[in-house]
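Sequence order for the protein chains is A and B. First residue of the first sequence: 1, per this note's numbering; consecutive thereafter. First residue of the second sequence: 308, per this note's numbering; consecutive thereafter.
Keep in mind that a hint or two might mislead.
To be verified - Each computed DMTMM-like pair below joins lysine to aspartate or glutamate, with the alpha-carbon atoms no more than 25 Å apart:
| # | chain 1 | residue 1 | chain 2 | residue 2 |
| --- | --- | --- | --- | --- |
| 1 | B | Lys311 | B | Asp379 |
| 2 | B | Lys323 | A | Glu104 |
| 3 | A | Lys98 | B | Asp325 |
| 4 | B | Lys378 | B | Asp523 |
| 5 | B | Lys357 | A | Glu104 |
| 6 | A | Lys140 | B | Asp325 |
To be verified - Computed beta-carbon distance windows for the label pairs:
| # | chain 1 | residue 1 | chain 2 | residue 2 | range |
| --- | --- | --- | --- | --- | --- |
| 7 | B | Arg424 | A | Glu30 | 51 to 61 Å |
| 8 | A | Glu104 | B | Asp501 | 43 to 53 Å |
| 9 | A | Gln75 | B | Glu567 | 33 to 43 Å |
| 10 | A | His251 | B | Ala610 | 16 to 26 Å |
| 11 | A | Gln75 | B | Arg424 | 50 to 60 Å |
| 12 | A | Arg241 | B | Ala610 | 32 to 42 Å |
As the list claims (entries may be wrong) - Covered stretches of chain B, going by a simulated chain A footprint (3 or more residues, C-beta under 8 Å):
| # | stretch |
| --- | --- |
| 13 | 550–561 |
| 14 | 567–575 |
Quick caveat, the hints were computed from the structure, so don't treat them as lab data. Beta carbons are placed, not taken as given, at the ideal position from N, Cα and C, and that holds for glycine.
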Amino acid sequence: MLRLDRVSKTFRTGSFGGRELHAVREVGFEVAQGEVVSLIGESGSGKTTLGRMILRLAAVSEGSITLDGVDIARQKDYYRSVQGVFQDPFSSYNPIFKADRVLEMIRQRFFPSMGAADWRARVESSLAAVRLDPGGVLGKYPHQLSGGQLQRLLIARALLLDIRMLVADEIISMLDASTRIDVLNLLGELKGRGLGILFITHDLSLGNYVSEKTVVLRSGRVVEMGRTELVFGNPLHPYTRNLLGSVPRLHRRWSEEEDAPEEEATCFYHGAAGRDATWPGLVEAEPGHFVGCATSGTCAPALELVR
Amino acid sequence: MTLKVEDLRVYYRTLKGDVKALDGVTFSLADGEIMGLAGESGSGKSTLGKSLIRLDGRMRHIGGSAELDGKDLPVGDTHAMNPFRFHEVSLIPQYAMSAMNPTRKIGRMVDELLRSRGVAPMRQELERRVGLVGLSADVLDRYPIELSGGMKQRMVMVISTLLNPSLLIADEVTSALDVSSQKAVAKTLLEFRDRDLVKSMIVVTHDISLVYQIADTIMVMYAGKLAEKATADVIVSAPRHPYTQALISSLPEVGVRYEERRLQGIPGRPPSLLDPPKGCRFRSRCPLAFERCAEEPPFAEVAPGHSVACWKAV
Ligand SMILES: Nc1ncnc2c1ncn2[C@@H]1O[C@H](COP(=O)(O)OP(=O)(O)OP(=O)(O)O)[C@@H](O)[C@H]1O
Ligand SMILES: Nc1ncnc2c1ncn2[C@@H]1O[C@H](COP(=O)(O)OP(=O)(O)O)[C@@H](O)[C@H]1O
Ligand code: SF4
Ligand SMILES: [Mg+2]
Ligand SMILES: [Mg+2]
Numbered sequence: 001m002l003r004l005d006r007v008s009k010t011f012r013t014g015s016f017g018g019r020e021l022h023a024v025r026e027v028g029f030e031v032a033q034g035e036v037v038s039l040i041g042e043s044g045s046g047k048t049t050l051g052r053m054i055l056r057l058a059a060v061s062e063g064s065i066t067l068d069g070v071d072i073a074r075q076k077d078y079y080r081s082v083q084g085v086f087q088d089p090f091s092s093y094n095p096i097f098k099a100d101r102v103l104e105m106i107r108q109r110f111f112p113s114m115g116a117a118d119w120r121a122r123v124e125s126s127l128a129a130v131r132l133d134p135g136g137v138l139g140k141y142p143h144q145l146s147g148g149q150l151q152r153l154l155i156a157r158a159l160l161l162d163i164r165m166l167v168a169d170e171i172i173s174m175l176d177a178s179t180r181i182d183v184l185n186l187l188g189e190l191k192g193r194g195l196g197i198l199f200i201t202h203d204l205s206l207g208n209y210v211s212e213k214t215v216v217l218r219s220g221r222v223v224e225m226g227r228t229e230l231v232f233g234n235p236l237h238p239y240t241r242n243l244l245g246s247v248p249r250l251h252r253r254w255s256e257e258e259d260a261p262e263e264e265a266t267c268f269y270h271g272a273a274g275r276d277a278t279w280p281g282l283v284e285a286e287p288g289h290f291v292g293c294a295t296s297g298t299c300a301p302a303l304e305l306v307r
Numbered sequence: 308m309t310l311k312v313e314d315l316r317v318y319y320r321t322l323k324g325d326v327k328a329l330d331g332v333t334f335s336l337a338d339g340e341i342m343g344l345a346g347e348s349g350s351g352k353s354t355l356g357k358s359l360i361r362l363d364g365r366m367r368h369i370g371g372s373a374e375l376d377g378k379d380l381p382v383g384d385t386h387a388m389n390p391f392r393f394h395e396v397s398l399i400p401q402y403a404m405s406a407m408n409p410t411r412k413i414g415r416m417v418d419e420l421l422r423s424r425g426v427a428p429m430r431q432e433l434e435r436r437v438g439l440v441g442l443s444a445d446v447l448d449r450y451p452i453e454l455s456g457g458m459k460q461r462m463v464m465v466i467s468t469l470l471n472p473s474l475l476i477a478d479e480v481t482s483a484l485d486v487s488s489q490k491a492v493a494k495t496l497l498e499f500r501d502r503d504l505v506k507s508m509i510v511v512t513h514d515i516s517l518v519y520q521i522a523d524t525i526m527v528m529y530a531g532k533l534a535e536k537a538t539a540d541v542i543v544s545a546p547r548h549p550y551t552q553a554l555i556s557s558l559p560e561v562g563v564r565y566e567e568r569r570l571q572g573i574p575g576r577p578p579s580l581l582d583p584p585k586g587c588r589f590r591s592r593c594p595l596a597f598e599r600c601a602e603e604p605p606f607a608e609v610a611p612g613h614s615v616a617c618w619k620a621v
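Taking the hints into account, I'd like the entire structure generated from these sequences.
Okay, structure coming up:
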């Protein structure tokens, strides 16, 4: 359904745009119908930038993003099919509109002929799906809601449309554990009805819970990806292992761990190979499980290691 | 005792009536204590944090008091709170990172902030602390957009603790970070306490397994009230309040998959804070509820350092 092909994004920064920042580099993967792909990686690794490109909020510098084979830039009515909910709800929501108005704008734009009663029912069921009480949120401005209420309101808004693809950027970060599960089960249900979801999250257990595929991003580059149970069960790249090793656990304090030396977080390929030349791309280490190199370099020795 | 809060009530005024977001909370914080604050989304955690710093226009101090280092905190009086704010109590709000002024270099922004508080620039100390959180001093010559989320968050922490406040309230400072930056930020909080840069802390978070790593105690809120407070180990291993029990058992173990086993949230919704029900506010969702729960349970000490608001626990 949604396909990314060698997608890159370069920002110009510094005075007069003299410096280049490669936020996303040659990223390629697909989100199929009814599939959840979780995207993990440290902050600044390009996750949000990828999501913004998929939502046409940022232009693609190189490569292509297609929906059913057609470039998203050329799709009409794109937002009827694809919607996003973004990190930092406080800034992605216009502070001067009350919640009802925000939802009403969806009706005006996408369902102009729907009757008031039908609309009301639709709004209530999407609020109920995220466990919000209509009376408690509808008459309020964004700053009058708690962080988690606002996050859920934005999810409810996206669900008002019968979308096919949802970009969800840290949408559960401000929810308590129990509400997180409700939202995830909701996503699980929606994927059962064919929704494709790009799920960006720091909660790796929940990413593992709900996703079919996992993509690990570092410095804008995919370092490892594939079927979730393979990436989590048999992580190959040292960066992925560090990440999984940092997951905090109940009943086991960091101080009690024999401080295992952090695995060198740079690409292990580069110990042997040079730093120049081109990026070798990803290698299929086992069926459905790809691993690669975080920086550019010739990685022949790495390929050996993986095999 | 750094902080003593007595029956604090703070409501939001709205057209539909008062939202009773903080409805009588009593607790204290020992010198050097790091307290995790968890609970249902919308239960009043941020309201509690804000109340100890600054009430915004629509917030009303209905009753109760707070005391910091033996001095009365004038919670209801924005003006009288001025000398305390930033000097004695400091708050890192939810999503502080994205609120950093994008048009100023960080060093300059800090100087301006200090000046607005009547404090002379303190470059040397600032650089020392930046080093302490593992950043290099040249971040001060960069713009916020040039820093990663984890770096920005550590910078926000340096800024808000520059004047060695007694109490630091960190509201979901790690929720937008990846697990390895979370770990770095959490360890920084610990370091700040250990070096006496702040005396005690309230760390608001939904990531209980994270706060468990650094907190001495954890306090749990439900619908504007306190449900339970105890040491981190007790909250995690032997909680007594049914809400805490449900919350802790909602934390997924690594490895559970939706296709194989459905996790279950707590059925039902928290009550509206516009018109909260009498009696225990968890009653409509509580598997153990009985007649007595129509009466409000007191937040009572059931063991030394362990308080619970539940009739089944007293
Ligand atoms: N300015 C306001 N006006 C009216 N009601 C408000 C206002 N700010 C917050 N509330 C309400 O007060 C209650 C508590 O909000 P608060 O932000 O303290 O929750 P929280 O525990 O921090 O939640 P979260 O975990 O979702 O951040 C919520 O029901 C919220 O809707
Ligand atoms: N509008 C922008 N201008 C310049 N740089 C940007 C912009 N947006 C993001 N970046 C940079 O791109 C990189 C990736 O950022 P982002 O996609 O937000 O990462 P993540 O979501 O993984 O934390 C970061 O180095 C960030 O500073
Ligand atoms: S007081 Fe009653 S309703 Fe409330 S938590 Fe205890 S048992 Fe449940
Ligand atoms: Mg992001
Ligand atoms: Mg909050």
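Results of checking the hints against the structure:
Using a Cα cut-off of 25 Å, the hinted pair Lys311 of chain B and Asp379 of chain B holds, with the two alpha carbons roughly 9 Å apart. For a cut-off of 25 Å, the pair hint linking Lys323 of chain B to Glu104 of chain A stands: about 21 Å separates their Cα positions. A C-alpha spacing of about 18 Å is found between Lys98 of chain A and Asp325 of chain B, which places the hinted pair at or below 25 Å, so the restraint holds. Note on Lys378 of chain B and Asp523 of chain B: the hinted pairing holds, with a Cα-Cα distance of about 24 Å set against a maximum of 25 Å.
Straight-line distance between C-alpha atoms of Lys357 of chain B and Glu104 of chain A comes to about 31 Å, which puts the hinted pair past the 25 Å bound. Using a Cα cut-off of 25 Å, the hinted pair Lys140 of chain A and Asp325 of chain B holds, with the two alpha carbons roughly 13 Å apart. A C-beta distance of roughly 52 Å is found between Arg424 of chain B and Glu30 of chain A, which places it inside the suggested range of 51 to 61 Å. One distance hint, 43 to 53 Å for the beta-carbon pair Glu104 of chain A and Asp501 of chain B, holds here, with the actual separation near 52 Å.
At about 36 Å, the beta-carbon gap between Gln75 of chain A and Glu567 of chain B stays in the expected band of 33 to 43 Å. For His251 of chain A paired with Ala610 of chain B, a C-beta distance near 20 Å keeps the hint of 16 to 26 Å intact. Range check, Gln75 of chain A to Arg424 of chain B: Cβ separation about 51 Å, and the 50 to 60 Å hint holds. Checked against the hint of 32 to 42 Å, the C-beta distance between Arg241 of chain A and Ala610 of chain B comes to roughly 41 Å, which is consistent with it.
Only residues whose C-beta sits within less than 8 Å of a C-beta in chain A count toward coverage, and the stretch 550–561 of chain B has 8 of them, enough to reach three; the restraint holds. Under the rule that three or more residues need a Cβ within less than 8 Å of chain A, the assignment of the stretch 567–575 of chain B holds, with 5 such residues.
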